[in-house]
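Number of protein chains: 2
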Amino acid sequence: MTRSDIDGAALKYAAGGGLLSRRMLLASAAAGTAAGLALPKAARAEAKIPEWSKTAGARARGYGMPAAAESAVQRAIIEPWQDVAPAFSLSGTPHHRLRGTITPSGLHFEVHHGGRPDIDPARHRLMLHGLVERPLQFSLEALERYPMVTATHFLECAGNSLFNAVMPEPMQAGCDMLHGLLSNTEWTGIPMRVLMEEAGVRPEGKWVVAAGADGPSLARSIPMEKLMSDGMLALYQNGERLRPEQGYPMRLLLPGFEGNMNIKWLTSLWVTEAPVHTKDESGEYTEILADGSSVQFTFAMGVKSFITHPSSTMTMSGPGFYEISGLAWTGAGKVAKVEVSADGGQSWAEAALAGPVRPQALTRFSLPWHWDGSPLVLMSRATDETGAVQPARADWKARYHASNFLHYNAIQPWQITAEGAVQNVYL
Amino acid sequence: MTRSDIDGAALKYAAGGGLLSRRMLLASAAAGTAAGLALPKAARAEAKIPEWSKTAGARARGYGMPAAAESAVQRAIIEPWQDVAPAFSLSGTPHHRLRGTITPSGLHFEVHHGGRPDIDPARHRLMLHGLVERPLQFSLEALERYPMVTATHFLECAGNSLFNAVMPEPMQAGCDMLHGLLSNTEWTGIPMRVLMEEAGVRPEGKWVVAAGADGPSLARSIPMEKLMSDGMLALYQNGERLRPEQGYPMRLLLPGFEGNMNIKWLTSLWVTEAPVHTKDESGEYTEILADGSSVQFTFAMGVKSFITHPSSTMTMSGPGFYEISGLAWTGAGKVAKVEVSADGGQSWAEAALAGPVRPQALTRFSLPWHWDGSPLVLMSRATDETGAVQPARADWKARYHASNFLHYNAIQPWQITAEGAVQNVYL
Numbered sequence: 001m002t003r004s005d006i007d008g009a010a011l012k013y014a015a016g017g018g019l020l021s022r023r024m025l026l027a028s029a030a031a032g033t034a035a036g037l038a039l040p041k042a043a044r045a046e047a048k049i050p051e052w053s054k055t056a057g058a059r060a061r062g063y064g065m066p067a068a069a070e071s072a073v074q075r076a077i078i079e080p081w082q083d084v085a086p087a088f089s090l091s092g093t094p095h096h097r098l099r100g101t102i103t104p105s106g107l108h109f110e111v112h113h114g115g116r117p118d119i120d121p122a123r124h125r126l127m128l129h130g131l132v133e134r135p136l137q138f139s140l141e142a143l144e145r146y147p148m149v150t151a152t153h154f155l156e157c158a159g160n161s162l163f164n165a166v167m168p169e170p171m172q173a174g175c176d177m178l179h180g181l182l183s184n185t186e187w188t189g190i191p192m193r194v195l196m197e198e199a200g201v202r203p204e205g206k207w208v209v210a211a212g213a214d215g216p217s218l219a220r221s222i223p224m225e226k227l228m229s230d231g232m233l234a235l236y237q238n239g240e241r242l243r244p245e246q247g248y249p250m251r252l253l254l255p256g257f258e259g260n261m262n263i264k265w266l267t268s269l270w271v272t273e274a275p276v277h278t279k280d281e282s283g284e285y286t287e288i289l290a291d292g293s294s295v296q297f298t299f300a301m302g303v304k305s306f307i308t309h310p311s312s313t314m315t316m317s318g319p320g321f322y323e324i325s326g327l328a329w330t331g332a333g334k335v336a337k338v339e340v341s342a343d344g345g346q347s348w349a350e351a352a353l354a355g356p357v358r359p360q361a362l363t364r365f366s367l368p369w370h371w372d373g374s375p376l377v378l379m380s381r382a383t384d385e386t387g388a389v390q391p392a393r394a395d396w397k398a399r400y401h402a403s404n405f406l407h408y409n410a411i412q413p414w415q416i417t418a419e420g421a422v423q424n425v426y427l
Numbered sequence: 001m002t003r004s005d006i007d008g009a010a011l012k013y014a015a016g017g018g019l020l021s022r023r024m025l026l027a028s029a030a031a032g033t034a035a036g037l038a039l040p041k042a043a044r045a046e047a048k049i050p051e052w053s054k055t056a057g058a059r060a061r062g063y064g065m066p067a068a069a070e071s072a073v074q075r076a077i078i079e080p081w082q083d084v085a086p087a088f089s090l091s092g093t094p095h096h097r098l099r100g101t102i103t104p105s106g107l108h109f110e111v112h113h114g115g116r117p118d119i120d121p122a123r124h125r126l127m128l129h130g131l132v133e134r135p136l137q138f139s140l141e142a143l144e145r146y147p148m149v150t151a152t153h154f155l156e157c158a159g160n161s162l163f164n165a166v167m168p169e170p171m172q173a174g175c176d177m178l179h180g181l182l183s184n185t186e187w188t189g190i191p192m193r194v195l196m197e198e199a200g201v202r203p204e205g206k207w208v209v210a211a212g213a214d215g216p217s218l219a220r221s222i223p224m225e226k227l228m229s230d231g232m233l234a235l236y237q238n239g240e241r242l243r244p245e246q247g248y249p250m251r252l253l254l255p256g257f258e259g260n261m262n263i264k265w266l267t268s269l270w271v272t273e274a275p276v277h278t279k280d281e282s283g284e285y286t287e288i289l290a291d292g293s294s295v296q297f298t299f300a301m302g303v304k305s306f307i308t309h310p311s312s313t314m315t316m317s318g319p320g321f322y323e324i325s326g327l328a329w330t331g332a333g334k335v336a337k338v339e340v341s342a343d344g345g346q347s348w349a350e351a352a353l354a355g356p357v358r359p360q361a362l363t364r365f366s367l368p369w370h371w372d373g374s375p376l377v378l379m380s381r382a383t384d385e386t387g388a389v390q391p392a393r394a395d396w397k398a399r400y401h402a403s404n405f406l407h408y409n410a411i412q413p414w415q416i417t418a419e420g421a422v423q424n425v426y427l
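In order, the protein sequence lines correspond to chains H and W.
Under this note's numbering, think of the first position of the first sequence as 1, with each following residue one higher.
Under this note's numbering, think of the first position of the second sequence as 1, with each following residue one higher.
Fair warning: there could be bad hints in the mix.
Which copy is meant is left open, so a pair is good if it fits within one copy or across any two.
[Claimed, not checked] Quick list of in silico lysine-lysine cross-link-like pairs, DSBU-like style, CA-CA up to 30 Å:
{"id": "1", "residue 1": "Lys206", "residue 2": "Lys334"}
{"id": "2", "residue 1": "Lys12", "residue 2": "Lys226"}
{"id": "3", "residue 1": "Lys279", "residue 2": "Lys206"}
{"id": "4", "residue 1": "Lys279", "residue 2": "Lys48"}
{"id": "5", "residue 1": "Lys54", "residue 2": "Lys279"}
{"id": "6", "residue 1": "Lys334", "residue 2": "Lys226"}
{"id": "7", "residue 1": "Lys397", "residue 2": "Lys279"}
{"id": "8", "residue 1": "Lys12", "residue 2": "Lys337"}
{"id": "9", "residue 1": "Lys334", "residue 2": "Lys397"}
Rather than coming from a laboratory, the hints here were simulated on the basis of the structure.
Working from the sequences, and respecting the hints, build out all of it.
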């Protein structure tokens, strides 16, 4: 028999639609035979030995790349407005093709307002000036002697999931297009507090205007309090130097804050008394509420989650046992709980969280599931340690003006059809 | 003044040679002004705006790569014995050019006995046979429905640091050549226990012979107990599919065990009563003791550490403040403590460990240091949670035959000369 021939009656259900107890997964054996699940019976081994087992393979190379068969695993690139904003682009991480929690640096999302500058690291400088006792200028070489810290954090664009926010009908696309402006990597760099204390911030210095070396000189006003608590001057990502897309040779990292504030190609930190309302924080990256007023400011990303396996554009390989797997995060700290529904929200079961659950980092959740082949709607709902809960789309829409696409964090429902198609739906 | 003009007398010393209390680092501010360290005074900003800030940059790309200026950051490749072992190679991770704990997949070390096979994932099969109730064969597609787990673990070749083990005089080379057969990544895959329980292991099945699809059919005998406790069929590395060098499309992962046992391109799991003494475990990968006898077997890697910053081939940029940083690990579980000496082992200070400290994973340690410019010897010494302590080279050599280069885990001393050169030495 195969996984599609399961006696559902033998299973321990946790909620409607075939959701099974997460304990079945936590005890790994339980997901196999102990849970009465029959897994695929073997065919006989191929008699023929493949050609790659009969010869010596390729010689070693200095830097490895993904297999040729994986060449379709790329960022999904959108390049609107080239006539008014040359090289403006959105590039989404293909979460439906990835597993685990670390995003490979080559697939980390990008949003560029003026493309990817080609910076000579030997000539790049970071200035720290304004309301400080000692204005400072740093070269990359000088920074190498500073104390460094390492932490894993997500970055999410304030405009992530914008199509679900503004399109009247749900867009049929993969997680790269729908939720791809989100990634999670290990960052290493210098605590911003060390640099600020070296410069000697004056008592009236309560904000810092951070600016990048890109053409548009993207700039944002940042509360001094955030920089002093956990702000980082990031120099390394996943162990190696930042990649050009991620701000080489240096970027600002503000754990949990909207991606746009984590200034790439950082070249200036200007200490001020108050925010200066740059085009990037007043013109763009400001939400408009239902009554037409604007929000000043929304820095931390809200609690959010979505199911990556299965997800839209995928096709189910028949009824039977599956593992539902997805990602959850919050700008407020740690994810406390993720619930999954397989009956459109009528009943919920708590998913298992893969530890260690870290603050401002993606957390992988999973739950075993027996799909009986009938149509249903899967969804996940995250709760963070502050008690904040991911809202339904209607509740989120009611708060904002119809044109707002920023800070969308509503629940993502996936419709499973009787044919096994997985589709994006609004509920 | 600059970092090279420090009044050493103002500092809180933890041990000889200028080692400072790790608390100075843990309180990030302390590494700056509060510790009395004056960090580099600013020059005036360049009046000239660099060309990359005046134009739109490059368009987005589907898969990112390191900056051109970082093209020297590569694996160090050694290819001995090509006449008898085509495509045999050792490729070391350049730890002296990396920071943090995650190794980028492109720089993960490799040891290939017959090169890198070019496998068609659609045709690759894994057989599970021998002393089981139900022989099974798995395709990559079928495995995608199985429950998966994610964990970060180091891999270390049993022959890592072989030059220090056997060369009469210390080789002057970087950490890529000296200790590069070691890496650390996030792995995602199926618990081996789930597959074994599905096949139904017979009571007499106590060992598993794992074999790869590479030309030499590298094969090792593995205790069933290890597979059932934390063995993983790894399908993803740092979020994406395994790279060809790391066993695409699937490899065995045995946390803490010598790299050679973590069979790449895994194609066969043969359940047996006893080890079968393959060429790879009896001919190679067996240590010879001082009395000429052989060890059967040494699976777990010993407790070990080395300083990456500063390290051999580097040059100090003058006296003053530095952060000593390095890596520690053990196959036995978690690193409990790392001590650092700056006076050739006369005195030691405990380093700070970057958390979370995970079992069978690289742990980054660091300690602030004030170098007064005089010659001295830096070294690190790790202790693991079982109480095992990294040995001195002489003690390690005394245990083994002069020809043995396997499982070398001795302390690595770095000589700092008055000119600021950092050199490999034996102590």
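For each hint given before, does the structure comply? Return the numbers of the non-compliant ones in rising order.
none
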